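Read top to bottom, the protein sequences are chains A and B.
Mapping to our numbering: the first sequence position 97 is 102, numbers consecutive.
Mapping to our numbering: the second sequence position 95 is 103, numbers consecutive.
Heads up, some of the hints might be wrong.
[Claimed, not checked] Chain A stretches covered by chain B per the calculated footprint, using a threshold of three residues with CB under 8 Å from any CB of chain B:
1. 32 to 42
2. 52 to 65
[As the list claims (entries may be wrong)] In silico lysine-lysine, DSS-like type, Cα no more than 25 Å apart, as pairs:
3. B:Lys99 - B:Lys33
4. B:Lys171 - A:Lys111
5. B:Lys147 - A:Lys69
6. A:Lys69 - B:Lys118
7. B:Lys99 - A:Lys111
8. A:Lys113 - B:Lys118
Quick caveat, the hints were computed from the structure, so don't treat them as lab data.
Owing to the predicted nature of the structure, the values given are computational and were not obtained by experimental measurement.
Where a beta carbon is used, it is the ideal one built from N, C-alpha and C, also for glycine.
Here is what each chain is made of, one letter per residue.
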Amino acid sequence: MVLASIFESGVSIDFYIVLASVLFAIGAVGVLVRRNAIVLLMCIELMLNAVNLLMVAFSTYHGKGDGQVFVFFIMVVAAAEATVGLSILVMAYRNIRSTDVGIFNKLKG
Amino acid sequence: MTLEMLAIVLGGLTIGSALMVVLSKHPVRSVLYLVVTFFLISANYILMNAQFLAIVNIIVYAGAIMVLFLFVLMLLNLNKDSEPITSIGIKLAGIIAGGVLLTVLLAALKDGLVITQQAVESANNNGLVENLGELLFTKYVLPFEMSSVLFIASMVGAVMLAKREKQIID
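Looking at chain A on its own, in the form it has when it is part of the complex (with noise of 0.2 Å):
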C-alpha cells in the first residue's frame, strides 16, 4: 500500500527539524544529568534516532532513497555500538559493583 506523501498534506518539512532538534536535545540533557551508565547508552540511542527520522525526513521530502540506506547503516553501527558498551559496563560492574559514572574514575591505574 502506498500512501499519499504527508508533505502534500499540509505538513511541511519544518515540522520535522523542530521534532528531530528537540528530541536531540533531550537525549544530550539526559546525558548531561543522568549518573547511571546504561540510561546514558538509552539516551545516546535516542539521539541517533532524532538524526534517522530527519534523515527519513529529508529522504521522502526530495523523493530520493539514499537518505533511508543511510539510516539502514545508522542501525547497523548503533546494534554493534549497544552491544559492545553494554559488554563494557557489564565488565566494569564486575570491578567496582556500580554502574555509577561518577565512580567511574575509580578505573585510574
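Using the hints, position chain B against chain A.
The following block gives chain B in isolation, referenced to the frame of chain A:
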C-alpha cells in the same frame, strides 16, 4: 482526522515519552519509555511512507537492542531505585546546556531552510522494500558487506569483553 493533525499528535507523544525516558528515576521504566518512543518514531516513518525502515526500526531497536538493555539491567540487579543522586547544580547546568543547544540548532536550521517549492512527486515509493533493496545491493553493496565485517568484529569484541576472568581471590 487529517494527516497534519495525526503528525502533530504523534510528534507530541514522541517528545513526551522521550522526556519520560530522561525524567523517570527507575532504569527499567526508562527502558520501557524508550521502547514506546521507538514505536512512535516508527509511526512517524510510516506517515512518511518509509515502510521498510518502520519495520526494521521495530525489529532492531524495540526488539533486539532494547531487550539487550533490559537483560543487562536485570543481570546487574539494578531494577531497584539505585539511581545515584545528581546534585541540583549539575542538573541545572545540564538543562541550561541542553536548552542552549536546542536554541542554537533551531536558529541555525531556521536560516538554512530551503524554501524552494520543490515538486515532491506524489506517493513516492522510495521507502518500499523493493526500491531500497535495489539501492542497497547495487549502489551501496560495498558498505553493506562491510557492515557484516563490523558485526563480526563487534560480536567477537563483546564475547571477549564479557568473558569471566580468572576468579580474583579476595
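Do the hints match the structure? See the list:
no. : hint                : in the structure
1   : 32 to 42            : holds (count 9)
2   : 52 to 65            : holds (count 7)
3   : B:Lys99 - B:Lys33   : holds (14 Å)
4   : B:Lys171 - A:Lys111 : holds (21 Å)
5   : B:Lys147 - A:Lys69  : holds (13 Å)
6   : A:Lys69 - B:Lys118  : holds (23 Å)
7   : B:Lys99 - A:Lys111  : holds (23 Å)
8   : A:Lys113 - B:Lys118 : violated (44 Å)
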